[in-house]
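Chemist: Here the protein sequences come in this chain order: A and B. Under my numbering, the first residue of the first sequence carries the number 108, and numbering increases by one thereafter. Under my numbering, the first residue of the second sequence carries the number 134, and numbering increases by one thereafter.
What the hints contain is simulated information worked out from the structure, not anything from laboratory work. Incorrect hints may appear among the rest.
[Said to hold, decoys possible] Which residues of chain B face chain A? A few of them, derived with a C-beta cut under 10 angstroms, are:
#1 159
#2 163
#3 172
#4 179
#5 191
#6 195
#7 196
#8 373
#9 385
#10 390
#11 391
Where a beta carbon is used, it is the ideal one built from N, C-alpha and C, also for glycine.
Listed below, chain by chain, are the residues.
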Amino acid sequence: MKTNKLKVSMTAAMASLLLLTTACSGGNSESGAAAEGQEEVTITFRSSGSEDTLTKYFESGLIDEFEEANPDIKINIAPVLASEGDYTSKIVLQMKSPDTAPDIVAEDTSIIKSDAAAGYLEPLDTQVAGWSDWQDKFIENLKAGVTGEDGKIYGVPATSDTRGIWYNKELFAEAGLPVPFQPANWEEVLEAARTIKDKLPGVTPLNLIVGKSSGEGVTMQTLEMLLYGTNDTLYNDETKKWVVNSPGLLDSFNFINQVFNVDQTGTSMQVALNGQAGSIAFQQLFPQDKLAMAVDGSWAGSTWFENGAAPIENVEEKMGFAPFPTQNGQEPGAITMSGGWAWSIPAQSQNKEAAWKFLEFLMNQENATARVVAEGNLSPRNDSVDVAGYTDRTFVAEAQALLDVAHFRPANDEYATVSAQIQSLVESVASGKLAPADAVQQLQDNVTRSLGEDKVEVK
Amino acid sequence: MKRTSRSAFLFLTPSVLLLLIFFIVPIILTVYFAFTNMALTGSAAQNLEFVGFRNFTNMFQDPDFRISVWRTLVFLIFSAVIGQVVLGFILALLMKEKNITFRRIIGIIVIAGWVTPEIVVAFCMVAFFSDNGTLNQIIGWFGISPISWLFSFPMVSVIIANIWHGTAFSMMVYQSALDEIPKDIEEAATIDGAGSFKILSYITIPMVKGSIVTNMMLVTLQTLGVFTLIYTMTGGGPGTATQTLPVFMYNQAFVNYQFGYGTAISLVLLLIGIVASLFYMKSMKVKV
Numbered sequence: 108m109k110t111n112k113l114k115v116s117m118t119a120a121m122a123s124l125l126l127l128t129t130a131c132s133g134g135n136s137e138s139g140a141a142a143e144g145q146e147e148v149t150i151t152f153r154s155s156g157s158e159d160t161l162t163k164y165f166e167s168g169l170i171d172e173f174e175e176a177n178p179d180i181k182i183n184i185a186p187v188l189a190s191e192g193d194y195t196s197k198i199v200l201q202m203k204s205p206d207t208a209p210d211i212v213a214e215d216t217s218i219i220k221s222d223a224a225a226g227y228l229e230p231l232d233t234q235v236a237g238w239s240d241w242q243d244k245f246i247e248n249l250k251a252g253v254t255g256e257d258g259k260i261y262g263v264p265a266t267s268d269t270r271g272i273w274y275n276k277e278l279f280a281e282a283g284l285p286v287p288f289q290p291a292n293w294e295e296v297l298e299a300a301r302t303i304k305d306k307l308p309g310v311t312p313l314n315l316i317v318g319k320s321s322g323e324g325v326t327m328q329t330l331e332m333l334l335y336g337t338n339d340t341l342y343n344d345e346t347k348k349w350v351v352n353s354p355g356l357l358d359s360f361n362f363i364n365q366v367f368n369v370d371q372t373g374t375s376m377q378v379a380l381n382g383q384a385g386s387i388a389f390q391q392l393f394p395q396d397k398l399a400m401a402v403d404g405s406w407a408g409s410t411w412f413e414n415g416a417a418p419i420e421n422v423e424e425k426m427g428f429a430p431f432p433t434q435n436g437q438e439p440g441a442i443t444m445s446g447g448w449a450w451s452i453p454a455q456s457q458n459k460e461a462a463w464k465f466l467e468f469l470m471n472q473e474n475a476t477a478r479v480v481a482e483g484n485l486s487p488r489n490d491s492v493d494v495a496g497y498t499d500r501t502f503v504a505e506a507q508a509l510l511d512v513a514h515f516r517p518a519n520d521e522y523a524t525v526s527a528q529i530q531s532l533v534e535s536v537a538s539g540k541l542a543p544a545d546a547v548q549q550l551q552d553n554v555t556r557s558l559g560e561d562k563v564e565v566k
Numbered sequence: 134m135k136r137t138s139r140s141a142f143l144f145l146t147p148s149v150l151l152l153l154i155f156f157i158v159p160i161i162l163t164v165y166f167a168f169t170n171m172a173l174t175g176s177a178a179q180n181l182e183f184v185g186f187r188n189f190t191n192m193f194q195d196p197d198f199r200i201s202v203w204r205t206l207v208f209l210i211f212s213a214v215i216g217q218v219v220l221g222f223i224l225a226l227l228m229k230e231k232n233i234t235f236r237r238i239i240g241i242i243v244i245a246g247w248v249t250p251e252i253v254v255a256f257c258m259v260a261f262f263s264d265n266g267t268l269n270q271i272i273g274w275f276g277i278s279p280i281s282w283l284f285s286f287p288m289v290s291v292i293i294a295n296i297w298h299g300t301a302f303s304m305m306v307y308q309s310a311l312d313e314i315p316k317d318i319e320e321a322a323t324i325d326g327a328g329s330f331k332i333l334s335y336i337t338i339p340m341v342k343g344s345i346v347t348n349m350m351l352v353t354l355q356t357l358g359v360f361t362l363i364y365t366m367t368g369g370g371p372g373t374a375t376q377t378l379p380v381f382m383y384n385q386a387f388v389n390y391q392f393g394y395g396t397a398i399s400l401v402l403l404l405i406g407i408v409a410s411l412f413y414m415k416s417m418k419v420k421v
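Extracted from the complex, chain A is given alone in its bound form (with noise of 0.2 angstroms):
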């Protein structure tokens, strides 16, 4: 009988035991290379989609070109589709554990910093130092967006961008308005809202990102691209305070208020805070001429392109790009915020050698131009233009001229925290549930809160 019990509680314990290495082990086997003695390379990046022009650009050609190169080496590619607010999350939580961490991953600038000053990304000081592209070729201001706080490289630029107005010059013919679009001060832009709103009902006059859900889009293609162009910015280099508190911040908050609520010259609120409020605004109201301005970014009209998501014939007749203003048109008359997207090496990541070399093939003349052409961007390397079909690109003279006004955001790995709060107060105030007066005061209320009182300053 005694040994009876025995065997069934041996029985019992040897049963839990099972039950919980099974319950263990199920993250390990995943890793492991695709054949024998190669190494693999997993590289990710923000998917917009099926038509996403990254993974397509990936596809057509480059691996093989690589791998037939290196046969030692095998690139996966593993995209994330979400919203650029959601891709952050995932790839941080991604880079915490070596069995997930990516070998390399695109890396938006705003949060490089941030990712850096948490250790998930590996310096690259030693590599650049050895690549001879680094000193001459790539664009000097830009190298400062990958740099973190302890003066060390975390990332290599691959797309460098800018923003200010499209519009299509039909809608704005029919309304009167001139072509060119050139406007001088805010008040210009608010007027030509007006007048499309007046004359051709049906037509929504101005697409600002305002909806929480499209991220960091929302600080810089909407409030830090009207916020630069008044004579405050968001951060004061000098002091190294975050301004919380400024007319140019009540003003900018005014302006939004404006457009939505007191002209209602915004997209619906249905469009504007959907996550993908932007895509909506390019692939369907502007071709279907139910859109006449959007602010975004330089790249954005690469969505008409013949190998775009919504393709339009003769597009530079149709569409145009217009510099932002400054406020009242203050020196130097228009301004952009300047962005754009790098190359990072997770510090998890298993095979950084390998990693390395795929990097600085991406990144080579032909493949960081033909990268930029196929999604519309600037390329963050100065021979790009020596490339064949750079500058002859519809609108890309255009968005290059604006580089010589270019804001870029506060380095600062606090930025995230600050732009977060922006973020909801933008859509609270263009939702009209939020006086811009109130916004402005919750943020320094915000901001103080979440930084302590010595990170910040009221102008």
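Place chain B on chain A using the hints.
Modeler: Then chain B, alone, in the frame of chain A:
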């Protein structure tokens, strides 16, 4: 005796171990993280620091938090207590002792909302409430111009969605409870001259009191945790119009990357659940 208890312990080991690893330890960790500056990215992600009650003092000063608590209560009371619990009870009462075909047809219609996965419910409801959606088509027949429901009445929209999704559960709980009331008690009451309202309030409800409390608790706890439905339909917006505590917690943890703060919010959510459950049990004088 001794031997039995020893082998009992042995048999308990697996479940105790599992509970410990997957339940107790995470809870203790959660409580600990709520008192740290844990963040998803930035320098705080690398240097976890104990910050005392800072997350909690921040929370109570945060107007967004107060708004979220309020929104959570509104969502809870209207979609769970009034919507699901009361509506479920009425449905069960109306279906009582009706013909079987009628019960089946109505039952299937109501339960359809419940068996549908939450994310699918959310998409159906977006389609129903959207600018060109079913609801606007229907009111269009009466000459009413379309309304942006999800923008103009966001809270009402998510409440209706949650009621549609959850009522079947309450209905089924009450159905089985009502079926167990012996017929002769109600018959006796009728003979004594009690009207149907008196029967309901003095006989039916007291007899299913236990089910009511259990159901209230389950529905409340389930509703407190509703995230998918709200996040998919409105993303917590417009502005903060439908930002209940789970959505607020998600935004703090995954949009603002403040994990420590998010965890602190989850503790408060847990506390609200406990208080609500205790309140139900006390007010109905039921021991569970």
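Chemist: Against each hint, give a clear statement of whether it holds in the structure.
Modeler: Each hint, compared with the structure:
| no. | hint | result |
| --- | --- | --- |
| 1 | 159 | violated, 14 angstroms |
| 2 | 163 | violated, 17 angstroms |
| 3 | 172 | holds, 8 angstroms |
| 4 | 179 | holds, 5 angstroms |
| 5 | 191 | holds, 6 angstroms |
| 6 | 195 | holds, 7 angstroms |
| 7 | 196 | holds, 7 angstroms |
| 8 | 373 | holds, 7 angstroms |
| 9 | 385 | holds, 9 angstroms |
| 10 | 390 | holds, 6 angstroms |
| 11 | 391 | holds, 7 angstroms |
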